[in-house]
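Now for the letters of each chain:
2 protein chains.
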Amino acid sequence: MYEDRVRNSALLDRIVSAEEAALLIKDGMMVGMSGFTRAGEAKAVPMALAARAKTEPLQITLVTGASLGNDLDKTLAEAHVLSRRMPFQADPALRKAINAGEVMFVDQHLSETVEMLRTRQLGPVDVAVIEAVAITEQGGIVPTTSVGNSASFAILAEKVIVEINLSQSTQLEGLHDIYIPTHRPVRMPIPVVSPESRVGVPFIPIDPNKIAAIVITEKLDSSSTILPPDDGTRGIAGHLSDFLQHEVKKGRLTNSLQPLQAGIGTIANAVLHGLIDTPFHDLKMYSEVLQDSTFDLFDSGKLDFASGSSITLSAEKYKEVFPNLNKYKSRLMLRPQEISNHPEVVRRLGIIGINTALEFDIYGNVNSTHVGGTKMMNGIGGSGDFARNGYLSIFVTKATAKDGKISSVVPMVSHVDHNEHDVDILATEFGLADLRGLAPRERAPLIIQNCCDPIYRDQLMDYYKRAVVRGGHTPHVMEEALSWHVRLAETGTML
Amino acid sequence: MYEDRVRNSALLDRIVSAEEAALLIKDGMMVGMSGFTRAGEAKAVPMALAARAKTEPLQITLVTGASLGNDLDKTLAEAHVLSRRMPFQADPALRKAINAGEVMFVDQHLSETVEMLRTRQLGPVDVAVIEAVAITEQGGIVPTTSVGNSASFAILAEKVIVEINLSQSTQLEGLHDIYIPTHRPVRMPIPVVSPESRVGVPFIPIDPNKIAAIVITEKLDSSSTILPPDDGTRGIAGHLSDFLQHEVKKGRLTNSLQPLQAGIGTIANAVLHGLIDTPFHDLKMYSEVLQDSTFDLFDSGKLDFASGSSITLSAEKYKEVFPNLNKYKSRLMLRPQEISNHPEVVRRLGIIGINTALEFDIYGNVNSTHVGGTKMMNGIGGSGDFARNGYLSIFVTKATAKDGKISSVVPMVSHVDHNEHDVDILATEFGLADLRGLAPRERAPLIIQNCCDPIYRDQLMDYYKRAVVRGGHTPHVMEEALSWHVRLAETGTML
Ligand SMILES: CC(C)(COP(=O)(O)OP(=O)(O)OC[C@H]1O[C@@H](n2cnc3c(N)ncnc32)[C@H](O)[C@@H]1OP(=O)(O)O)[C@@H](O)C(=O)NCCC(=O)NCCS
Ligand SMILES: CC(C)(COP(=O)(O)OP(=O)(O)OC[C@H]1O[C@@H](n2cnc3c(N)ncnc32)[C@H](O)[C@@H]1OP(=O)(O)O)[C@@H](O)C(=O)NCCC(=O)NCCS
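Protein chains in written order, with the working numbering: chain Y, 7 to 501; chain Z, 7 to 501.
Keep in mind that a hint or two might mislead.
In this list, chains with the same sequence are indistinguishable; a pair is considered to hold if it fits within one copy or across any two.
Once the Cα atoms are required to be at most 30 Å apart in a straight line, the calculated DSBU-like pairs of lysine-lysine come out as [as the list claims (entries may be wrong)]:
1) Lys255 <-> Lys216
2) Lys32 <-> Lys255
3) Lys102 <-> Lys471
Please keep in mind that the hints were generated in silico from the structure rather than gathered at the bench.
Here the structure is a predicted model, which is why all the values come from computation and not from measurement.
Work the whole structure out from these sequences, hints included.
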């Protein structure tokens with residue numbers, strides 16, 4: 007049994023129950039688990055940990071690729087298993103625990119976590135738990151729907167638990183490209199020179215003796231929670247398409263653009279989807295998470311190739327794509343998030359990054375993470391890897407939230423994830439502001455005019471005008487700069 | 007005459023006066039000039055422009071490497087020649103004009119300016135004005151004490167003016183390594199794999215026909231304005247040395263550390279100088295501007311090699327170093343700032359970046375540029391290139407400014423240049439905070455305890471405690487978050 011999935015026969019007797027495997031994880035350990043934006047997470051062992059925590063003290067530092075599916079972050083948070091969590095999450099229950107100060111959340115650029123582990127600035131990783139399609143004859147681990155940080159976790163950990171997921175299609179095999187940067191002091195260039203560069207091996211190469219336990223599971227990945235495009239997101243997509251066509255007209259881009267990255271969530275997905283109805287062609291993606299829109303673009307014939315670190319789909323798209331994966335396989339690649347987001351590669355390829363803001367301010371600073379300046383939403387994710395180092399950094403958001411009670415364009419953002427230096431283009435459903443080469447005093451009127459909801463426009467322009475009277479390179483009325491957020495907290499609206 | 011400096015004889019008849027050369031520059035043009043932190047700037051042509059502006063309308067966009075010496079930014083600002091200025095400056099008069107909204111200042115990461123010019127997101131560059139030691143037989147331009155953006159300006163500009171500076175030592179020849187990234191879509195890896203990697207040519211390779219004018223000058227570079235180490239900076243240096251020794255003890259670094267970058271200014275220079283009295287050896291620098299401390303470290307036998315984009319020295323050090331440049335030459339290299347600061351190389355080499363903050367907050371966000379949140383000081387410079395992509399990102403500052411009236415550790419910074427994701431270590435004369443792997447609620451008490459001046463400590467702890475009562479991942483009392491800055495503006499002190 008399972009010989010087709012566990013092909014190194016010496017490992018077959020390491021198959022145990024999830025409960026037994028979970029015993030390798032002890033109170034106080036640092037555990038690295040697979041999983042990236044609800045795709046390819048280890049599913050059985052974390053559930054066993056949550057169960058164990060009911061009867062014994064059990065708290066761990068949990069490091070993953072990004073967010074987990076199957077309500078695992080919720081289950082683990084509610085069972086109080088998580089003392090520390092990094093580098094990303096997107097779960098309401100865990101979010102609550104983080105904002106209450108119960109879980110220490112370390113919000114990191116997604117390309118950096120394994121760099122810090124490798125140099126022992128974090129860690130050591132005691133145990134890695136990796137979901138796999140199969141283990142090869144040589145003991146190599148074939149990941150499932152995400153790579154995330156799995157490869158480095160497995161390489162760095164003292165012990166590795168593999169969850170073989172029988173419901174994950176064996177068509178996934180061959181899709182992954184595992185490349186680990188060489189060791190300093192003499193690190194070599196990462197040889198990725200285009201989205202389709204294959205530079206590594208299709209499995210995680212580790213000493214099979216480190217595989218301490220194998221667990222057989224069957225649970226599916228969760229489907230994504232993104233909403234379909236609506237008028238607002240279609241509006242944003244329209245402004246962006248117009249802008250990109252203008253860039254082509256100016257001769258700065260061709261109709262194949264530059265490799266595209268699109269962030270997580272409803273808005274970025276809708277914007278990418280919007281490229282279907284444009285004259286662009288032979289597009290390529292070099293992104294992090296591949297959402298529904300990637301496959302819509304494939305099916306429309308617009309997209310040539312997509313490199314990412316995970317595939318996260320809606321329930322309908324899931325049913326379409328995974329049984330027919332071979333149809334897409336020659337045009338797809340999954341990489342470690344260190345490589346999908348690597349500053350070196352992002353700059354070399356000249357990526358167009360499209361990420362979502364919670365709010366931005368009149369000078370172009372972006373808040374992607376902190377609601378009201380204090381409450382963590384999800385984390386910065388890979389947005390900073392792309393925004394800092396790419397060719398063009400685009401941030402999108404709807405102009406208002408909560409039925410207009412919140413303006414997403416404010417005098418000063420209440421938290422800065424991306425500063426004015428890293429933001430080229432801002433777009434809402436009302437319009438787009440091209441900030442390239444502009445000074446703060448030029449940006450402000452443009453952003454207010456083009457991006458702000460008309461119901462907040464006068465109020466914002468009034469702030470800006472009074473700020474200018476005070477002077478400065480970046481004029482502010484400092485005692486009022488955060489007053490919109492204070493008003494919202496006190497009265498329930500920024501109006 | 008000048009055949010030893012202008013070795014392409016076809017170019018000899020292009021030698022003209024500065025006034026005549028300056029006529030190539032017309033109202034409204036974009037002009038790229040050499041010059042990086044007071045080193046190697048074109049000296050005669052900008053003076054001729056300032057003179058011309060007295061009698062005719064003449065306003066340009068001036069792009070340089072970084073700040074200019076010889077009061078040129080002052081002279082140009084006061085003559086109203088600058089309508090737009092990028093990507094960095096450090097001049098009190100220009101600063102005043104920027105803060106008054108008279109000059110549109112575009113504050114950029116120093117690695118990015120030429121990327122934006124090359125892709126025509128900025129530009130075109132009409133004229134480049136480059137200071138040189140010599141022009142080679144083939145028409146290659148040999149820069150002087152800085153490379154900055156000079157190579158790309160000369161390559162991209164329609165016309166090039168060369169200022170041959172006879173007072174710049176011909177010993178500079180051979181020091182430069184000019185490498186220009188290949189064109190997308192197929193850009194190759196930048197082959198720099200260690201600080202001493204030589205990957206280009208020792209001159210700026212351009213078509214000599216583009217050299218439209220040559221001007222002969224003799225003016226020296228300005229000396230740097232840094233102050234010698236004092237008790238405060240020695241304190242900071244001490245804390246950093248202790249920390250780095252601790253890292254060696256932990257096995258995370260060897261006694262040769264990793265390549266060092268140090269920012270501009272008095273504090274960073276003093277910190278680097280402090281490495282003389284440590285057990286470290288065989289150090290290397292991969293930095294931007296090489297200040298006095300680089301040569302102190304060479305002379306002490308601690309430093310093996312230094313790569314930078316400019317050499318900026320105090321008056322005394324200047325007299326010591328430049329007449330004896332051959333003594334240092336085999337251990338020195340000057341590169342384009344795109345390469346000295348390149349995300350790809352910074353990450354690959356694993357640089358330890360030491361940069362200076364104006365202020366930082368209890369969660370580790372850093373303001374390097376905006377006094378009181380509105381008034382531009384100098385610009386972000388290369389600090390973001392190193393802080394985002396390096397191995398270890400250190401920010402230093404004195405705990406107070408203006409005789410204690412200003413605390414450099416505040417509840418919330420009034421402007422964010424580097425956010426918590428990019429800041430590993432903070433140090434003042436009072437101590438050091440190691441933020442790696444910590445959540446905001448863990449960072450705050452550490453920063454307050456270790457880095458804040460005792461006269462502000464209770465006040466800051468009181469803020470933090472009240473913020474925690476409100477909750478959140480990054481707790482704040484939003485209506486008070488900027489109140490220290492408001493109080494300073496109203497009463498003259500943050501106390
Ligand atoms: C910013 C982000 C949360 C937006 O997600 P999205 O699904 O596209 O956007 P939505 O408009 O649905 O907003 C999500 C929620 O934030 C709320 N919101 C939006 N703007 C807000 C604002 N200015 N203030 C407060 N809440 C706001 C929305 O109301 C919505 O709330 P709900 O969940 O209660 O309905 C998401 O993109 C993210 O986490 N980004 C950071 C990480 C990242 O960029 N990664 C990119 C590389 S993967
Ligand atoms: C931040 C920076 C201005 C500090 O320079 P420095 O010479 O080391 O530091 P100093 O302590 O002398 O401070 C410079 C001035 O800022 C003032 N200052 C310092 N902290 C301040 C604060 N929190 N609020 C207001 N003013 C402050 C000082 O009083 C001093 O004023 P003065 O010129 O009137 O005497 C400088 O490092 C810089 O411009 N950095 C940004 C660019 C950069 O980091 N480049 C790195 C790669 S090159």
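Results for each hint:
1. Lys255 <-> Lys216: Between. Shortest inter-copy distance 28 Å satisfies the 30 Å Cα cut-off; intra-copy 56 Å does not.
2. Lys32 <-> Lys255: between (60 Å within a copy, 27 Å between copies)
3. Lys102 <-> Lys471: between (39 Å within a copy, 20 Å between copies)
Checked against the numbered hints listed earlier, the structure breaks none of them; every hint is satisfied.
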